[in-house]
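2 protein chains.
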Amino acid sequence: MEIKDIIATIKKEKPNVKSVYYVGCGASQAELYPAKYFLEANAKALRIALYTANEFNYATPKGLNEDAIVVTCSLGGTTPETVAASKLAMEKGAAVIAITNNGESPLAKACHYLVVHNWEGSYSAKMDKMNKALLIAVEILNQYEGFETYDAMVNGCNSIYGIIDEAVKSVLPEAKAFADSYKDDEVIYVMSSGATHKVAYSFSICLLMEMQWMNSGSFHDGEFFHGPFEITDKNVPFILLMNDGRTRAMDSRALTFLERFDAKTTVIDAKDFGLGSLLPGVAEYFSPMVISAVLRIYAEQLAIVRNHPLTKRRYMWKLEY
Amino acid sequence: MEIKDIIATIKKEKPNVKSVYYVGCGASQAELYPAKYFLEANAKALRIALYTANEFNYATPKGLNEDAIVVTCSLGGTTPETVAASKLAMEKGAAVIAITNNGESPLAKACHYLVVHNWEGSYSAKMDKMNKALLIAVEILNQYEGFETYDAMVNGCNSIYGIIDEAVKSVLPEAKAFADSYKDDEVIYVMSSGATHKVAYSFSICLLMEMQWMNSGSFHDGEFFHGPFEITDKNVPFILLMNDGRTRAMDSRALTFLERFDAKTTVIDAKDFGLGSLLPGVAEYFSPMVISAVLRIYAEQLAIVRNHPLTKRRYMWKLEY
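Note that the protein sequences, when read in sequence, are chains C and L. Counting from 1, position 228 in the first sequence corresponds to residue 228 in the numbering used here; the numbering is continuous, with no gaps. So the number in the numbering used here is just where the residue sits in the second sequence, counting from 1, plus 321.
It should be emphasised that the hints constitute simulated quantities derived from the structure, not laboratory data. Ideal Cβ positions, reconstructed from N, Cα and C, are used throughout, including at glycine. Heads up, a few of these hints could be off.
Distance condition first, Cα-Cα at most 27 Å in a straight line; then the derived DSSO-like pairs of lysine-lysine [stated by the list, open to error]:
(1) L/K339 x L/K365
(2) C/K62 x L/K383
(3) C/K4 x L/K383
Covered, in the sense of this in silico footprint (three residues per stretch, anywhere, with C-beta under 8 Å from a C-beta of chain C), are these stretches of chain L [what the hints assert, rightly or not]:
(4) 364–375
(5) 545–554
Excised from the complex, chain C in its bound form:
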C-alpha cells in the first residue's frame, strides 16, 4: 500500500489520533529522527515522541493506546527490542507501521502496515529508510491537521534520490583526504543541529564506534558552547554537519569557533549540494539525507585506509548478549 493510503486507512479507523510514537534502536532510531523532528516542529495538536525500543518497552508511555500511531523501524527487521515494541503497540490498540528492508522479517509480521524500504544498490537507496519515515510524517500531518507546505515536502521526498545520486559523485577526493587525516585519531567528535542532529549521533556510535572501533562522542552544536567546546584545541578532530535551513546559524557559529582555535575540522555542508535551491523552503528536512549519504563515502574511505571493513564486528551478530 502507498504511504498516503496507509495513513488514509488509519484515519478512517482512528479519526482522533493524539500521539505519534517513533521507536527504533541505534541507526534505525536515528533515521526516524528527521521525521520526528519535522512533526514536532510543525504539528499543532499531535503529540510526538521518539524512543529507543527498550525504553518504550520497559517504561511504556501512558499515551500508548488506541489513539496512537506507532512507527517502528529496523533495517533487517530482526532487532528483538523493536519487534517487541511493535507487538506491544499492537496489543495496546495503536496503529502500527513498521519500516524495514526485509518484508519477511519478524518486524514485518508484527505490524498492521508494512513499509519496505530499499537499501542495497546506491547511496540514495540507503536513504530510503529515512525518507520513507519522513514521508509517513508528512502524510500524518497533512491528513490529520493539514499542512501548507505539503506539496513541497512530497516533492522533496520524490526528488531527494536524484539529488543524492548527484551529490555523491563529487565527494571522493574530500572523503579520501578525510580518511588520511583522521585515520589515527584517538577520538573524533561529530556535531550538527536541526533535523541532522541525530546523523551526528549515528555516525559517531555506528560508523565510528561500531564499524571502526574508534573512540567518538557526539552532541548538538547548539550545545557545543555549553560544555564540549572546552575540549577544543589545535588539531582536536571534529566533523561538523551543516544544514541548509533555519538552524544553520548554530552550525556556522560552531565552525567559526573550531577554525578560530585550529581544531582539525571536516565540514559536510548540505549547501554544497545545492539543497536550498533544489528544494526551496524545505531543504532543512532533507539535509540529513544528503549529509548521511556523503558521510557513507567518508566512512568507506576511512575503512579502506584503516584496513578495517565496515562489516567487521567482534560482538554484534556473533554473541548472545
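Assemble the complex: chain C is given as a structure, and chain L must be docked to it using the hints.
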C-alpha cells in the same frame, strides 16, 4: 509563589494548555530532562518537548502559542540563548516559568513566573534545580490531567534532599578510587537509561569535557548494544549510572556486558542508597538526583588528582563566541 500556586494561577488563565516546552542549554537542559521524561511518560493528553535554546529560537515549534507552558532554566540566569527563548515564548503568548539561581538575572526578568532554586551549600542544594523542575511537571500533570501517584511524587520532591545528604556521606572512598583509576584515561564513556539518561550526557559534556578537558562520549545504555558496545575491550573506561526503577533491566544488561569483557567499569547505583524502599513506586524519577549528587563528588576527586579545578576554563566566560 509556591510551585503549586503558580500552576493553579496559570490554569485559571489557560485552562486548555496543550503543550509543555522545556528549554535550556548544556547542564540546564539536562537538568530539565527528568521533568520532561516524567511528563512524557505519564501525560495522556499534554504534548511535551525539550529543546536546546537556540534550536527553539531558530526553528520555533508551531505549537508555541497561548496554549503552551514554557519552562526555561539557567543556573546564573544569563545564558543569552535561554533568555532569548524565554522572551520569544512570552511574545508568542505562552505562560513562561523560569528556573534560575539568580532572582535578579536577565532570565528572572524574562518570565511570568520565577522559581529560584538553591545551589551553594550542599550536594542536595545542587539538585534543587532538577527537583523544582520535576515538581513543576508533577503539578502540571496533576492539575491539568489528574495523576494517581501525585502524593508519592510530592513526597519524593520533599524527601529527596535528606536522601541525598545521607547518600553522599559514604561515597568518598569510591570517589577517590575512581579518580585514581580514571585520571589518565584518554576517553571516558558514560551511560544510563530512564530519567537518568541525561545525567550521563551532562557528566560527559560538562564535568568531563568542560571542567576537566577530558575526552568523553555518552549514550543511552539501551542503545549501547546497537553500536557503541563494539568499542568495549579490556580496560576501556565506562561509567554506568544504574536506576532504581523500570528501566533498570537495561542498565543491568549493560553491566553484564562490560564485566564480561573486562571493561574498566565504575557503577553509580541508585539502589545503593535505598531509593526504592525510601520512595516506593517513584524511585526511578529521583534516581537522577541521587546519582548526580554522588557524581559531583567523583568529579571533585578527579579534579583534585588531576590538579585541574572544576572552575577552570579556557573559553567559557572568558571570550566572546
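* To do: Would you check chain C against the segment 364–375 of chain L, counting CB to CB pairs closer than 8 Å, and say if three or more residues qualify?
  => Our answer is that it holds, as 10 residues pass the Cβ test (under 8 Å) against chain C, meeting three.
* Under the criterion that the straight-line Cα-Cα distance not exceed 27 Å, is the pair C/K62, L/K383 satisfied? -> Cα-Cα ~24 Å, so holds.
* **Satisfaction of hint between L/K383 and C/K4, Cα-Cα up to 27 Å** => holds, 23 Å
* To do: Take the C-alpha atoms of L/K339 and L/K365, compute the straight-line distance between them, and say whether it is at most 27 Å.
  => The given pair, whose Cα atoms are some 11 Å apart, holds under the 27 Å limit.
* Counting residues of the segment 545–554 of chain L whose CB is closer than 8 Å to a CB in chain C, do you get three or more? -> Coverage by chain C holds for the segment 545–554 of chain L (8 residues, Cβ < 8 Å).
In the structure shown, no violation is registered for any of the earlier numbered hints.
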